[in-house]
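Asks: Please build the complete structure, drawing on both the sequences and the hints.
Going line by line, the protein sequences match chains A and B. Under the working numbering, the first residue of the first sequence is numbered 133, with each subsequent residue one higher. Under the working numbering, the first residue of the second sequence is numbered 1142, with each subsequent residue one higher.
Worth flagging that the hints you see were computed from the coordinates, not collected in a lab. None of the values given here were measured: they were computed from a predicted structure. Take the hints with a grain of salt, since some may be wrong.
What the hints assert, rightly or not - Quick list of in silico lysine-lysine cross-link-like pairs, DSSO-like style, CA-CA up to 27 Å: (1) K383(A) / K1181(B); (2) K1210(B) / K267(A); (3) K185(A) / K232(A); (4) K271(A) / K1236(B); (5) K271(A) / K1195(B); (6) K416(A) / K1321(B); (7) K1195(B) / K270(A); (8) K414(A) / K1195(B); (9) K1300(B) / K1149(B); (10) K1178(B) / K269(A); (11) K1195(B) / K416(A); (12) K1210(B) / K1259(B); (13) K383(A) / K1149(B); (14) K353(A) / K365(A); (15) K395(A) / K1259(B); (16) K269(A) / K1230(B); (17) K173(A) / K232(A); (18) K1195(B) / K211(A); (19) K1236(B) / K365(A); (20) K365(A) / K1244(B); (21) K519(A) / K249(A).
Listed below, chain by chain, are the residues.
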Amino acid sequence: MKKDNYLKDIAESKKPFIIYKSNKGFDLFTDFSKKIILSNKNIKNFINNSIKKKIKNKETDLYIGFFGYEILNNLIGVKINKQKGLKFPKGIFYKPETKKKLSNKLNYKSSENLKSKSTFNVNLNKASYKNIFNKFKKKIKSGETYQIKICTKYRKNSKIDALDFFCRLTKSNMAPEAFMINDKDYSIISCSPENLITKTKNIISTKPIAGTLKKSKKLNKSKALSFFKKNIKETKEHNMIVDMERSDLSKICEVGSVRIIKKKIVEEYKDLYHYVSLIAGKLKKNTSSLEIIKAMMPGGSVIGCPKISTLNLLNKQEKENRNIYTGSFGYLKFNGDMRFNIIIRSILNYQNQSEISVASGVVIDSNASHEFNENYIKAKALIDLYK
Amino acid sequence: MIYIIDHKDSFTHNVVHQFSRFDKVECDNFNDINETKLKKSNVLVFSPGPGAPKDYPLTSRIYKKYKGKKKIIGICLGFQQILYCEKGKIIEQNKIYHGFQSKIKTTNKSLLFKKDQKFTVGRYHSLKLKEPFIAKNFEITMRCAISNVAMAIENNNEKIYGFQFHPESFLTENGNLLIKKILSA
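Replies: Next up, the structure:
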C-alpha cells in the first residue's frame, strides 16, 4: 500500500491514531488495545507498571500519550486551585498494536470544508498582560523567581480535521518533536521543537531551547549565533535553563556524569533559528521511571526558575486550566526506555472548541509590549491554519 | 558527612553533585530536616533558593545552633542567610543578576585564596549585602570586580564560609577547586 493512501485510509476508518516525528520521517501508531485516562490516583501505578518483565521487543511494546500540566504539578506536590476552562482529561495513554513508518512528506487533504467565520478570542488583553508582567517583575526583584513565563490563550469554536491541519503544519514548520493525536472526542496538533527526555538504557538526555529567532534574508546560522551571544537577555535566560536542567538531571544521575554535550549552539529549522543546549547523564542504578518523570517534569524551560516557587506563582495567577500546554507527550517503552517532549505550539480541539496557548518569558530586562507581541507571533502560525 | 539543606531551588542538585566529589552527601528540604542526619553531619551547606533569608527561620535556627560546632557553608541565598543571622542587612539591588557571568576578585582579607586574583563566576541573585557589614571573625574575601558587591565571606575561626555566586554553575571557572579548598580548610 502506498504511504500517501494510508493517511487517507486511516482518516476514513475513523480509528483513533497518533503520529509522532521520528528521525527520518514520522511514525504512525494505531489499533489501540488499551486507553488509560490518568488521574492523581492511578498515575503512579501506571508509570511504575509501564515496565514489563516479559517483553518480545515488538515495536509496539509501549504506551504513547500525554501528561497534562496539572497532573505533573500534582505529581511533584504542587497544588493548583480550581480553575476555569475545558474539563479535559489530565492525561491519556494508549497501547498501540500497529506502527507504520511514514516519510517526511505527509499528504492529505480534508474532503470536508470546515471553515468557520468565527475569530479567536484571547484571554488576556495587553493591559491585563502588562499588569501581570509588572507583578512578576516585582517578584523577580524580591528574588522569589528569576524567570517566569506568562501564558496567554487563544480560543474559538470550531470543528477541525486534525490530520489536514497537521499535514499543513509539517509543511510550514517541520519540528523535531511534532505530533498529533486524533481520537473520537478530541484532537491535538503540535509542532513542538523541544525534547525533554530521551532515555535509552541508562543514558538520559534533555535538549532545552531558550532563544528563538525568525529567519530572514540577512541572517545565516553564524550570524544567528553571534546575535544570541551578543544578546544579554537571551544569554542569561539560556544560562539559567542550562543550570536548571543540569540540576534536574543530577537528581537521578550518577555523581559527575552530568555533562553539557552541546553548549549553546544554533539549530536551523525551516523558518526559525533556535538557541539550544544538549545535556546528558548516566542514570543511577535502579532509578524508576516515576523518579525520572518527577525529576524532569514539568519541563523547566517553559515554566521559569526556580521551578517550585515559580509554579506556585503561576498557579496563583492563572485562572484558566493550561490543560495539555507545557505538559509532555511521548512514550514509555516496556523495556524502560522513554522519549518525551514539551507540549508547546499546540492546538487542543475538544468539544468543538479550539485552544492555542502560548507563553513568553519575563526576566528582569524584558519588555511587556515586546513579550505580548511575541506571544501573538508564536500563536499566529497555528491560527493561520484555520484560514 | 555533608548535609545540604535545600531551599527548594532548581540548582541544589548541582551543589549536591559538586560536594559529592569530596565526601558523602545527604540532602533534604529545609522544612523536612532529619535530626539524625543533622547531628551526624560534620559540614552543613545552605543551598541557594528563592526569596530572602527572612523567609527561612528554620534555617536560621539551625545556623545559630551549630555555629562554631560544625563547618557551615552558604551558597547564594545560603550565603545571605549566614549574613542575615550575623545581623547583616540583605537588600534589593538596582541591577539584577540572573544567569549572569561576571568577573570577581579576591580581597587581601582571604586566608584561603591568593589576593587580587580575578576569575569568572555565574551569578543568580536579586538581593545583596548592605555594607558596611561588621561581624566578629567575618571577613569579606571576594568582591564583584565592577560593582564591588560582596561575593564571598570567610570566618576561619568558626569555619563558616559562603559565596554569593554559584560555584556549581557551568558559568563558574574552577568551581570544584573553590569547594575543595573550603572543605579542606
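Asks: Assess, step by step, whether the Cα of K365(A) is no farther than 27 Å from the Cα of K1244(B), and give holds or violated.
Replies: Holds, at roughly 18 Å.
Asks: CA of K1195(B) to CA of K211(A), is that 27 Å or under?
Replies: holds (24 Å)
Asks: With the threshold set at 27 Å, check whether the alpha-carbon distance from K1210(B) to K267(A) stays at or below it.
Replies: violated (42 Å)
Asks: For the pair supplied as a hint, K271(A) and K1236(B), confirm whether the alpha-carbon distance does not exceed 27 Å.
Replies: holds (14 Å)
Asks: Hint check: K353(A) vs K365(A), CA-CA at most 27 Å. Holds or violated?
Replies: Within the cut-off at roughly 19 Å; holds.
Asks: Take the C-alpha atoms of K1195(B) and K416(A), compute the straight-line distance between them, and say whether it is at most 27 Å.
Replies: Cα-Cα ~36 Å, so violated.
Asks: Has the given pair, K416(A) with K1321(B), been kept, meaning a C-alpha gap of at most 27 Å?
Replies: The hint holds at about 24 Å.
Asks: Within 27 Å, alpha carbon to alpha carbon, are K414(A) and K1195(B)?
Replies: violated (38 Å)
Asks: Tell me if the straight-line CA distance from K269(A) to K1230(B) falls inside 27 Å.
Replies: With Cα atoms ~22 Å apart, K269(A) and K1230(B) stay inside 27 Å; holds.
Asks: Is K1300(B) within 27 Å of K1149(B), Cα to Cα?
Replies: holds (25 Å)
Asks: Tell me if the straight-line CA distance from K1195(B) to K270(A) falls inside 27 Å.
Replies: holds (17 Å)
Asks: Against the 27 Å threshold, does the CA-CA distance of K383(A) and K1149(B) hold or violate the hint?
Replies: With Cα atoms ~13 Å apart, K383(A) and K1149(B) stay inside 27 Å; holds.
In summary, the structure is inconsistent with hints 2, 8, 10, 11, 12, 17 from the numbered list given earlier, while agreeing with the others.
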